[in-house]
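Chains as they are written, first to last, in UniProt numbering: chain A, 1 to 314; chain B, 1 to 497.
Hint data in this document are derived by calculation from the structure and do not stem from the laboratory. A portion of the hints provided could be inaccurate.
[Said to hold, decoys possible] Some but not every residue of chain A turned toward chain B, in silico, with C-beta under 8 Å:
no.	residue
1	L58
2	V60
3	L168
4	F274
[To be verified] Okay, the calculated beta carbon distance ranges per label pair:
no.	chain 1	residue 1	chain 2	residue 2	range
5	B	S60	A	S79	45 to 55 Å
6	B	H69	A	F150	20 to 30 Å
7	B	G455	A	W83	54 to 64 Å
8	B	D214	A	T115	53 to 63 Å
9	B	H69	A	L123	16 to 26 Å
10	B	H69	A	M241	34 to 44 Å
11	B	D408	A	L144	28 to 38 Å
[Said to hold, decoys possible] Stretch-level coverage of chain A by chain B, calculated; a stretch enters the list once three of its residues show a Cβ under 8 Å from a Cβ in chain B:
no.	stretch
12	61 to 70
13	216 to 225
Here the structure is a predicted model, which is why all the values come from computation and not from measurement. Cβ coordinates follow ideal geometry from the N, Cα and C atoms, glycine included.
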Amino acid sequence: MASSSDDTQAHRSTGLSSYVRNEHLEYWFAIPALLILLALVIFPMLWSLWTSFTDLNLSVATRNGAFVGLANYADLLTSERFWTTIGNTAYYVGFGVAIEFTLGFAIALFMANYTRGRVTTVLFTLLLLPMMMAPIVAGLIWRLLFQESFGPINYLLGAVGVGQPPWLSSTAMSLNSVLIADIWQWTPFMILILYTGRLSISEDLYEAARIDGADRWFTFRHVTLPQMKGVIAIAILLRAMDAFKFFDKMFVMTGGGPGTSSELATYYNYLLGFDSFSMGKATAMSWLLLLFAVVLANVFLSVLERGEGGDRVV
Amino acid sequence: MTDTHNQTDGMSRRRFIRGMSAASAAAAAGLSGCIGGGGGGGGGEMSIPDDPDSAVDGTSISLAIDEGHNTNPFQWFSDSIQEDTGVELGEINGFGFNNLYSNLMTEFTSNSGAFDLVSFYPQYLGTFAANGHLQPLDDMMEIEGWNPQFDDLLKPYRDMYTQWGGSTYALPIDGDVLMLVYRRDLFEQHDIEVPETWAEFNEVARYFTEETDDIDHGVATYGKRGNAYGWFLTRFGGLGGVYFDEEMNPQINTEAGRRALESWQETIQYSPDDTASYGYPELRDAFTGGNVAMVIQWTDVPKKAAVSEATRGNWGGAAVPGWEDGRAASSMPVGRVLGVTSGVSDEQKLAAYRFAQTFTLPEYSTHMVSDPGCGEDPFRTSQLSDPEPFTQENPYRDAPEESVAFQDMESAEQYTSAVQATLEQGYPVPYWPGSQDYINALDVEISRFVSGETGVEETLENVESEWESIVEDLGREQQQEYYSNVIEAWQNAGIWE
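Take the sequences, apply the hints, and build the full model.
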């Protein structure tokens, strides 16, 4: 004989509310978040993809958003200014991150091997100060330092008879000047991550290497580097992503000039969107930059994964 | 002139598309690291109440303006204007000198209603008005006691930089135009005449740079991106240069363009090495700091020079030089006008207009244009015909003794007559919808030229090619119509042949 509790159980297992409560409850919980994601991220992204195929320009009433196919992409890919800014960005990210990594790694290893206690604390405090500064403030400080007529750097260089480089007014130097400011500010980021990565390596490995008679270079190549590969990949990736997307220091120091000599791709993208208000071209450029960034990040990660033994590093 | 602005109250398809596109551009831009936001347009009819004075009494308005010394007069006068009109200036939102357009357009297209009153450079007037972002002011100007005294305005500002599509959209507050500012003491000491042609200008620059040790350089020039194009137009306009022909073909790569750049190239030789990085403050300080013998600068610089230790009593002002076989032309980049935004309530529009109208009246604005503590310059006939206020204190300042520009009438008269002469040879900058693109393209290439990256021919070819591409992008026929209508306005203002 079936009890009343069995009836209830049977009812629960067949009703809609029961289905919602018991069978796929986790999906129902996810629905609000999913809807918000769709409304605020996915839909605008799809709309921006559509806009990139139109002629929409918010400053001219006649450019209403008519479909123009791949014209915006073609215009950009054949534009000298687009490739100039891509080249500037590649230079800025490539050299900047490479130098920051090299300096940061050297300083991190030095600190890990040769400093202890309060000395480490004081060094860390000093090294982290630039990183704590708002990039726009750092840019303003460096703009004043690089001021050619009365800036302190040129004053000192002039005093020792080295000459007074045109830091910000020369097309050959302006991007490098921004790069110097960037290196000054973000090398501590590399130090911080790589230092903690180095400390996480077991001292037993170094002990074993010493017993086997390995010299410092051998130990570095076969103990330190392989053990830190994952940390290095993360540090470089994070820093490269930041350097790729931020243009605040460039904006403050040179405004992209002289001409377009220090103009970064994201700044040009910003100008297309929020100075020319040419939304078709701006969205097209955003998608091109996204594509470049995704491809480069994947190439970087796959190269790292092909390291010793094919171990995944991240 | 065709007024294409679309004044609809509902959410039109275009407005929705604009809003979504601006937002999605920001979203996509965010993916690649770009920043920002944006959205739809606005506009609407407004009704004037029976008693407008009571309607605005106690209303608080917000203002958007380029940050810096030009915000000062709003702080000086706001309490007194509130007493006169009952309108309170609640909030002053400052933006970067070169980012004003981006910020205002972003607010306008998103229809945020964040600002009731906006101060902007007249070159944006066509874009703002034609897209329905500004409220036509004609009806409010008819209200008894609310007249902005347009009869007293200098002609270019009355007939050109305030009008679009046959309506008045703005009230002027700053009559910027480029003029020559020079070291009178050095010129007298070396028995040098004020240059009247660009050839003489370059010769004077060479002399002070190469033949004397009295000063570092003979001249400095604007080179930074943002407004460098104005320094080109000043020479180009004097040679009869025009922007486009009737078919909207660029006329930049012409004899006028070539000669203008060649002359400027010679000037750059006698300028400081870092002149390519000079914007307004650097160029101003090069002169007021006593480092250069002369500059072409905006009309507020003589007032700054008059109170600077290095140049006090030693400066002179004159109209910019011209050409032996042409004329003189003073480019009119920047300047400022006040507009009332269309995306706010009628009460806010009325209050914003009332504040702006009172602000521009001679009772207030004359104390502003004669005060070295701000960048606003004369825009009324009465401000040039009577130089005396330039020697007097601004009673609205907390420290009135700091507000006297010139210590004697002779200096004040020299200043006002130089500004008058300069305005008579004014050369207008484009201000039709989309013209910002032409200006930006010109400005980037001029900046490259000043830095030495490109030569004369390459610069002109690049600008010509960019402009051709922009005309096609924006629509040749529409641009042609805008341009021909704007030329008509320039001719009416007496600054275009």
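Checked hints:
no.	hint	verdict
1	L58	5 Å, holds
2	V60	5 Å, holds
3	L168	4 Å, holds
4	F274	4 Å, holds
5	B:S60 <-> A:S79: 45 to 55 Å	46 Å, holds
6	B:H69 <-> A:F150: 20 to 30 Å	21 Å, holds
7	B:G455 <-> A:W83: 54 to 64 Å	21 Å, violated
8	B:D214 <-> A:T115: 53 to 63 Å	56 Å, holds
9	B:H69 <-> A:L123: 16 to 26 Å	43 Å, violated
10	B:H69 <-> A:M241: 34 to 44 Å	39 Å, holds
11	B:D408 <-> A:L144: 28 to 38 Å	36 Å, holds
12	61 to 70	holds (count 5)
13	216 to 225	violated (count 0)
Of the hints listed earlier, those the structure fails to meet are numbers 7, 9 and 13, in rising order.
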